[in-house]
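Protein chains in written order, with our numbering: chain A, 1 to 474; chain B, 475 to 913.
Where hints are given, some of them may not hold.
Claimed, not checked - No farther apart than 30 Å at their CA atoms in a straight line, the calculated lysine-lysine pairs in the DSS-like style are these:
#1 Lys701(B) to Lys59(A)
#2 Lys591(B) to Lys59(A)
#3 Lys214(A) to Lys252(A)
In case anyone wonders, no lab produced these hints; they're calculated from the structure. Note that the structure is a prediction, hence the values are computed from the model and not measured.
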Amino acid sequence: MSDAPNANDASETGSPNEPDDPHDAREEATVESDEFEPVHVFEESEEMDLRPGSDDCYKCSTCDSVCPVAEVDDEFPGPKFQGPEQWRLKRKGDRDVDESVMSCSNCMRCDSSCPSDVPLSQMHNTARGEFVEEQMEKLSREYVRNRILANYRFFAEVASRMPRLANFVMGNSLVQAVNERLLGITAERDFPEFADETFREWWEKRGGSAASKKRAREARAERGGAQARSEDKRVAYFHGCYSNYNTPEVGKAMVRLYEHFGYEVLVPPQKCSGTPMFANGMLADARRAAETNVRELAAAIESGADIVASCTSCSMSLRQEYPELFDFEGTAGVAARTYEALEYLRLHEDLDGSLEAADADLDGAAFAYHAPCHARNQGVDGQAVELLDRLDGADAEDVGPSCSGISGTYGWKAEKYDASMEIGAEMFDHMEESPAETGLTECPTCAMQMEHGTGYEVRHPLEVLAEALVDGEN
Amino acid sequence: MAIEDDVTVVGGGLAGMTAALAAAREGAAVRVVSHKDSTLRSASGLVDVLGYDSDDELLADPFEAIPDLPERHPYRTVGAAGVREGFALFDDVVGDRYRGDHTDLNALVPTHGGTVKPTARYPASVAPGLASDDRPVLLVGFETVPDFDAPLAADHLRAAGVPFPVRGVTVRFPGGFRADAARTRLADALDADERVAVGDDAGPYSESLPIRRALAETAKDHLRGEKRVGFPALLGRHETEEVRADLEAELDAAVFEVPTGPPSLPGMRLEGALRGACREAGVRFTTGNPVVDFEIDGEADDSDPDSLAAVRVERNGAAIPFHADQFVLATGGLVGKGVDSDRERVREPIFDCYVPHPDDRYDWSADGAFGDHAFARFGVETDDDLRPLDRRGDPEFGNLRAAGAVLGGYDFAAEKSGSGVSLATGLAAGRRAAEEATR
Ligand SMILES: Cc1cc2nc3c(=O)[nH]c(=O)nc-3n(C[C@H](O)[C@H](O)[C@H](O)COP(=O)(O)OP(=O)(O)OC[C@H]3O[C@@H](n4cnc5c(N)ncnc54)[C@H](O)[C@@H]3O)c2cc1C
Ligand code: SF4
Ligand code: SF4
Numbered sequence: 001m002s003d004a005p006n007a008n009d010a011s012e013t014g015s016p017n018e019p020d021d022p023h024d025a026r027e028e029a030t031v032e033s034d035e036f037e038p039v040h041v042f043e044e045s046e047e048m049d050l051r052p053g054s055d056d057c058y059k060c061s062t063c064d065s066v067c068p069v070a071e072v073d074d075e076f077p078g079p080k081f082q083g084p085e086q087w088r089l090k091r092k093g094d095r096d097v098d099e100s101v102m103s104c105s106n107c108m109r110c111d112s113s114c115p116s117d118v119p120l121s122q123m124h125n126t127a128r129g130e131f132v133e134e135q136m137e138k139l140s141r142e143y144v145r146n147r148i149l150a151n152y153r154f155f156a157e158v159a160s161r162m163p164r165l166a167n168f169v170m171g172n173s174l175v176q177a178v179n180e181r182l183l184g185i186t187a188e189r190d191f192p193e194f195a196d197e198t199f200r201e202w203w204e205k206r207g208g209s210a211a212s213k214k215r216a217r218e219a220r221a222e223r224g225g226a227q228a229r230s231e232d233k234r235v236a237y238f239h240g241c242y243s244n245y246n247t248p249e250v251g252k253a254m255v256r257l258y259e260h261f262g263y264e265v266l267v268p269p270q271k272c273s274g275t276p277m278f279a280n281g282m283l284a285d286a287r288r289a290a291e292t293n294v295r296e297l298a299a300a301i302e303s304g305a306d307i308v309a310s311c312t313s314c315s316m317s318l319r320q321e322y323p324e325l326f327d328f329e330g331t332a333g334v335a336a337r338t339y340e341a342l343e344y345l346r347l348h349e350d351l352d353g354s355l356e357a358a359d360a361d362l363d364g365a366a367f368a369y370h371a372p373c374h375a376r377n378q379g380v381d382g383q384a385v386e387l388l389d390r391l392d393g394a395d396a397e398d399v400g401p402s403c404s405g406i407s408g409t410y411g412w413k414a415e416k417y418d419a420s421m422e423i424g425a426e427m428f429d430h431m432e433e434s435p436a437e438t439g440l441t442e443c444p445t446c447a448m449q450m451e452h453g454t455g456y457e458v459r460h461p462l463e464v465l466a467e468a469l470v471d472g473e474n
Numbered sequence: 475m476a477i478e479d480d481v482t483v484v485g486g487g488l489a490g491m492t493a494a495l496a497a498a499r500e501g502a503a504v505r506v507v508s509h510k511d512s513t514l515r516s517a518s519g520l521v522d523v524l525g526y527d528s529d530d531e532l533l534a535d536p537f538e539a540i541p542d543l544p545e546r547h548p549y550r551t552v553g554a555a556g557v558r559e560g561f562a563l564f565d566d567v568v569g570d571r572y573r574g575d576h577t578d579l580n581a582l583v584p585t586h587g588g589t590v591k592p593t594a595r596y597p598a599s600v601a602p603g604l605a606s607d608d609r610p611v612l613l614v615g616f617e618t619v620p621d622f623d624a625p626l627a628a629d630h631l632r633a634a635g636v637p638f639p640v641r642g643v644t645v646r647f648p649g650g651f652r653a654d655a656a657r658t659r660l661a662d663a664l665d666a667d668e669r670v671a672v673g674d675d676a677g678p679y680s681e682s683l684p685i686r687r688a689l690a691e692t693a694k695d696h697l698r699g700e701k702r703v704g705f706p707a708l709l710g711r712h713e714t715e716e717v718r719a720d721l722e723a724e725l726d727a728a729v730f731e732v733p734t735g736p737p738s739l740p741g742m743r744l745e746g747a748l749r750g751a752c753r754e755a756g757v758r759f760t761t762g763n764p765v766v767d768f769e770i771d772g773e774a775d776d777s778d779p780d781s782l783a784a785v786r787v788e789r790n791g792a793a794i795p796f797h798a799d800q801f802v803l804a805t806g807g808l809v810g811k812g813v814d815s816d817r818e819r820v821r822e823p824i825f826d827c828y829v830p831h832p833d834d835r836y837d838w839s840a841d842g843a844f845g846d847h848a849f850a851r852f853g854v855e856t857d858d859d860l861r862p863l864d865r866r867g868d869p870e871f872g873n874l875r876a877a878g879a880v881l882g883g884y885d886f887a888a889e890k891s892g893s894g895v896s897l898a899t900g901l902a903a904g905r906r907a908a909e910e911a912t913r
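Chain A on its own, in the form it takes in the complex (with noise of 0.2 Å):
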């Protein structure tokens, strides 16, 4: 498909005042962007075309094997018949999508097992999409309650206005009774705390980028010699909501360990990044946060910025759900250019040698690590164990490959309650068997799936190794 709309080469996007140096991972050549197949779910191709992915399938059912909704659900049918079969008997008649597609959490597990390269997940969000568009009424108590779950944003913004008294009545369980019955959003999980301070009000109070810009430059002075060349270095923070509304330390941690390397942080405004809402099938709801994030994110790209992002679903979301969903202007190049936190900072600076030689105060730290589904996907799970291997006094356990079974939104569904806890249940087997008291990952909501199983503390590594590596307040 290179006529594909969304084919602009990552380099437009390219920033101007890039430095010419070709060990600088930021001159690194992006992958040619006609390897990037849009589908066209909107506009012009009303008609969403999957074949050739549904033909490439020979029905080996790897990607059954391993999808953890179907190993403790028996009427889930799996994603070979979600994906390709589907798609398959679709193309036959006029056959409607299979309510069951519901089901599925988009855990993206089925995508990485397929040898033969089948966009599983791609096939699942669009099918979700078209049974949500146009089979699910939208009066009926589902419908309301996955809007309300997938537009979480929304109702937390609401919240942080007045994040007492919202967690007053989210932690009162006549509350959580009435949204069960009401609503069907299970009441056995207690409603994250709001903070008193969203991460932007703090950056805000702290002076924004100019303040960012001006710590950077004092600790590349500091850190001198070869550092000085890299006047631009400058990263554009995606939050997410989690780590805005209600983990804001995450956002805090992430700030100091750039500028502490010397890289001016952006926070350009953003939207959800539309993980929930492909999960639920709101692909009206995820388009219109895709476009603002698109067009923001790309002019921070313009201004000579890379994205990186602190939650792993939110970048899977830019990186793999905007280019094959979507095509937005810059998508590819966003996509291209969008890193989780620590990944990028491993790429350019030696985290390895600053954790060898930081004399941190964590002595006997020990951390369960469980890696999120989607940061499988990306290729990013292990590396929280290998850094903190790294650092003298703490330890990291990885707790096993098994998913922690919330996913997002599913686990706080009432009927999905139970499958979601069964599917977790590996994971905190691990974790009680693990000598670690501490839980670690980069999903705020594993962690909110691992503290709900275990009862431990659980934490994001930005926040630990910003706790080695910097210093006090700043």
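With the hints as your guide, set chain B with the ligands onto chain A.
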């Protein structure tokens, strides 16, 4: 700066994991960079050295035949001693999960198609089914596992002249599993010995039994004094020996697994064992994205072959460099996508290593589906140090070695040598890379 290891192995199949393990045990810091999960999930889980010679004669002792192989064969590069070392590493990793290490001779294992396959190592769960045993056999297939047609497999085995009576029956897998339930789902149920409803579904008082019991009862009805019972390989993902022991107690007969097509439980169990051994040895894994490109070490001079500085992984549009001192190419053959062909030529897609092949496309294959096809032997050619050679016969890179199905000069499907070549060359390449890197 960047991610840096002593040895980077590209490809996480049998060859790649063996190379990584061998290198890590030599003390190197090793990373495996692999696009997909290993193709072991599709493979049978049987581990062959060499089943047939070039005249298609069945080999009793594969090691004896190694010196007579064509000079370009990878076994000639590493020698019979190298092959033995590869298998010694394998035996150490799998422990009592596998049998066959007491002899050099090939064992004969009945397959799901009803053929008898010569192999060097076989899962313990397969052992009671060997064709050299003369106890009568009952094969039990399931309606919902279509690639094992037990009555047909029994017919084929009889036609192959096995020295024992064999019958096959097809039954319903107990419990109300959906007709298209994944094989892994059935295996998990057996692992956990889930209780399932048995008897007439319509009856108001349906009885429930642990699934292992229920399965044994189902098979028992068909037993006519056979001393061995074979099921398709789905007897648990992890607790296979326990499942088998329970079934044997109920049936009063030996119980074995018949290896099936993908997804293959024996292949997954083997993958798990290798992964575990790699992790224990400190190997790091970065999976999910392909290596597409490489960087050259700027300091190379003209007299020596170029030296690789890094391989680049394509990650959703960005190219991420992984630096190392030494590299191993273990990306598989035409199936694993380590060798690629178009109408014009055959190529190794990452480094563009030279792949010898006839210029005329019409010479790539022979007449007839089972002819002596040149394409079956396509792959890179190496020096004695397993370094891929360019068109002129010089190493492509000073610090790149190749292992497994990406190598040319052998036809693993015809000669039944797939896993053996991966083990032997994986070990040799990994070990050499580690020696160079830690020197
Ligand atoms: C269906 C089937 C049945 C088999 N049955 C038997 C049997 O009965 N007995 C036996 O001995 N052998 C058997 N084999 C062969 C054996 O299991 C191995 O597949 C063989 O030894 C090849 O191993 P390998 O590691 O060289 O390659 P592969 O197993 O093909 O592994 C290649 C790896 O490299 C990765 N890769 C490829 N390109 C890239 C890239 N650009 N970047 C990063 N990673 C990449 C792939 O994702 C894959 O993980 C069978 C194989 C198959 C497929
Ligand atoms: S793993 Fe890929 S080829 Fe195999 S059944 Fe699933 S989609 Fe089809
Ligand atoms: S995305 Fe996850 S839950 Fe959905 S079908 Fe694939 S593996 Fe199963």
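Output the numbers, in ascending order, of every earlier hint that fails for this structure. Checked against the structure, the only hint that fails is number 1, while the rest are satisfied.
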